[in-house]
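J.: Residues per chain, in single letters:
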Amino acid sequence: MIRELEQYREVAPKGTIDFLQRLSEQVQGKRFLQISAVRYGGGMAEILRRLVPVMKAMGIEARWEVIAGTQEFTDVTRRIADGLQGRTETITDEMYQIYLDVTARNAKALDLDADLVFIHDPQPAALIEHRKGGKWVWRCHLDAGQPHRPVWSLFRRHVLKYDAAIFSLPGFAQRLPIPKFMIYPSIDPLTEKNRELSRAEIWEVLDRFGIAKGKPMLLQVARFDRYKDQLGTIRAYRMAKKHHNCQLVLAGSGVLHDPEGEAVLAEVQQAAGNDPDIHILQLPPEADREINALQRGASIVVQKALKEGFGVVVSEAMWKGKPVIGGTAGGVSTQIVNEATGFIVHSVEGVTFRIRYLLSNPSVMTRMGAMAKEHVRRNFLITRHLSDYLTMLKLLCPD
Amino acid sequence: MSYTETTFRFIGCSEIQEILGKQAEDERQLAELLEEVPLDSVYFHTHSYFLRTRFIERTYPNDFAQWVGEQVRDHVLAERLSVLDPFDFQSLETLREELFSIIDDHLSGMATVPRAGLGSSFYFSRSRILEVPTGVEARTLREFRDAISEVDVSAVYFHVFEAHLRLRREENDFSAWIRGSLKLPELADRMRALNPYLGSLERLRSSLLTMCDEYLAKSDQA
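Quick note, the sequences are listed as chains R and P, same order.
Using the numbering used here, you'd call the opening residue of the first sequence number 1 and step up by one each time.
Using the numbering used here, you'd call the opening residue of the second sequence number 1 and step up by one each time.
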């Protein structure tokens, strides 16, 4: 029995844990290396922190290395990441040389020898120039569907040297002559952000933020960013409020040192005015339990961003048995099964209509929430992610 | 209780989606690309659609119909593509021909080509399937019933959907074993008659369990 895996038996679909054990027997002893820019922060790091120990316990020689960089390197890679996501960026020859030099230093310091190497996101991608063998796969967690062309042209030369690339959605990929695979992100149901909470734990958080417990609560969890359209959510809430005595919670990370975020937050605060039923919360990055409690305390979760990545926050809310009203941007509509686990909408009015419908039909809300949880159990949990990674290991590195 | 020396070994499967880099914006492109993509892609968007529809049933039973119905909002074509039963086709090539023919025929009566909204393209993909022996075995109907109840649901997919293409006959692995090894033709006929394309994998599992339970209850009474 593999203890690290067994802890998921209660939450994974029937038969999954035994299936994963059998699948792992096909890749025993394989050396599987993950390389990323950070060990903490972001969904990718959260998942790797759990996946790598589980794979080790399953008999795979799994390792996870993190590259070291300078402030200049971080600045350049941020520009590359932003450029890949469509922002107009300039990468000068000098900047590019910094990227290559720091990568070369990392290549010397790291043991790159493995059967399968997954390079996560653009920061460590140039390590491909120093490959020592094995299969190399670029795992892109970004939406690179419409990149700033000059940045993509510069970066593409590295990607072409990989054996394959993985994207989170087909629409996030670029035309490439190497095989391209699709793997959805996932959530870990046992982390602080997703574990079961007692009613007392949920109420403690709601009390702390002054949120009424008996009143239906609409929730949006997103950083303060124009694309997340908190203003649209406030408009939808206002229209619904005429018919239902509800409250709105807009929870996002802090905006310190982020001028754009500060401006958006100011606009959101101004739009909220003196309405005591609108709660605007700036939470620190480590506020996982607070997010968990807010999602569990919510009646309906709204994620109608104008532009979105995969938006795994949708799966987090669904895992807590909540119907989600979401837009069509990014991966939101991939996670919601329209009219079964929530609603896919196309306008602020659409959000209002569905809020009113759900608040008028509590039994539908309960049924959709239950379906949402089961849908996530089978499609967006870390156990499915583990199966995908082991399958890739077997398919790319056969005996 | 029927007993056999021939053990049924449950095999599950894991699928990875390979993106082909071909995308359709309208129904004409859908038809044209359908003609040129590898057969693995036809398999991915029809048969293995059910491997990804384990619990919640979608409005339409394959990716083509789902896209045409939800993104293009051409409900007539979506319905015509839905009624097509992949079990009626012995090969993926003939299935592809029929899909193409339905779209082509539909377009011949249209003044303009219906297209999807911005950013809602159809992305062609193909399946990379890995077979995984689960280690679960059965030698009696009771053991079979219990195994069906507990095994990863991908095994239900493998022995029913995948078997159809592998064996190129109407029998699936379950009905073939129950008929050949347990010598229970009546139960085997019922299992063979199951149409897996009209529900989710979990619903299929549930139907199989009901059939076993009913047969076992009848045997106990007798």
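Simulated from the structure, these hints should not be mistaken for lab results.
Quick caveat: nothing in here was measured; it's all calculated off a predicted structure.
Please note: incorrect hints may appear among the correct ones.
[Claimed, not checked] For each label pair, taking beta carbons as the anchor points, the in silico distance ranges come out as:
1) P:E79 / R:G214: 12 to 22 Å
2) P:L118 / R:N338: 10 to 20 Å
3) P:P133 / R:A263: 49 to 59 Å
[Said to hold, decoys possible] A few chain R positions that, by computed beta-carbon distances, are all more than 10 Å from chain P:
4) V38
5) R50
6) P170
7) E196
8) N338
9) T341
10) E374
[Said to hold, decoys possible] Below, a list of computed lysine to any residue pairs in the SDA-like style, where the Cα atoms sit at most 25 Å apart:
11) P:K22 / R:K14
12) R:K108 / R:R31
13) R:K373 / P:K22
14) R:K14 / P:R203
Heads up, the beta-carbon is just placed ideally off N, CA and C, and yes, glycines get one too.
J.: Determine for every hint whether it applies to the structure shown.
T.: Now for the hints, and whether the structure bears them out:
Checked against the given bound of 12 to 22 Å, the beta carbons of E79 of chain P and G214 of chain R, roughly 46 Å apart, lie outside it. Range check, L118 of chain P to N338 of chain R: about 18 Å between beta-carbon atoms, so the 10 to 20 Å window is met. Here the CB-CB span from P133 of chain P to A263 of chain R is close to 58 Å, well matched to the stated 49 to 59 Å. At roughly 26 Å, the least C-beta separation between V38 of chain R and chain P is larger than 10 Å, which holds for a residue marked as non-interface.
Remark: the non-interface label on R50 of chain R is consistent with the geometry, its nearest Cβ contact in chain P lying 19 Å away (cut-off 10 Å). For P170 of chain R, the requirement that its beta carbon stay farther than 10 Å from each beta carbon of chain P is not met, with the minimum near 4 Å. Residue placement check: E196 of chain R keeps its beta carbon more than 10 Å from all beta carbons of chain P (closest about 21 Å). Not every beta carbon of chain P lies more than 10 Å from that of N338 of chain R, the smallest distance being close to 8 Å; the non-interface claim is violated.
The non-interface label for T341 of chain R is inconsistent with chain P: the shortest C-beta to C-beta separation is roughly 7 Å, within 10 Å. Annotated as non-interface, E374 of chain R brings its C-beta within 10 Å of a C-beta of chain P; the closest such distance is 5 Å. Of the supplied pair hints, the one linking K22 of chain P and K14 of chain R is violated, its CA atoms being roughly 35 Å apart against a limit of 25 Å. Between K108 of chain R and R31 of chain R the CA atoms are separated by roughly 19 Å; this keeps the pair inside 25 Å, and the hint holds.
For the suggested pair K373 of chain R and K22 of chain P, the alpha carbons sit about 33 Å apart, so the restraint of at most 25 Å is broken. Taken as a hint, the K14 of chain R and R203 of chain P pair is honoured in the structure, with Cα atoms around 14 Å apart against an allowance of 25 Å.
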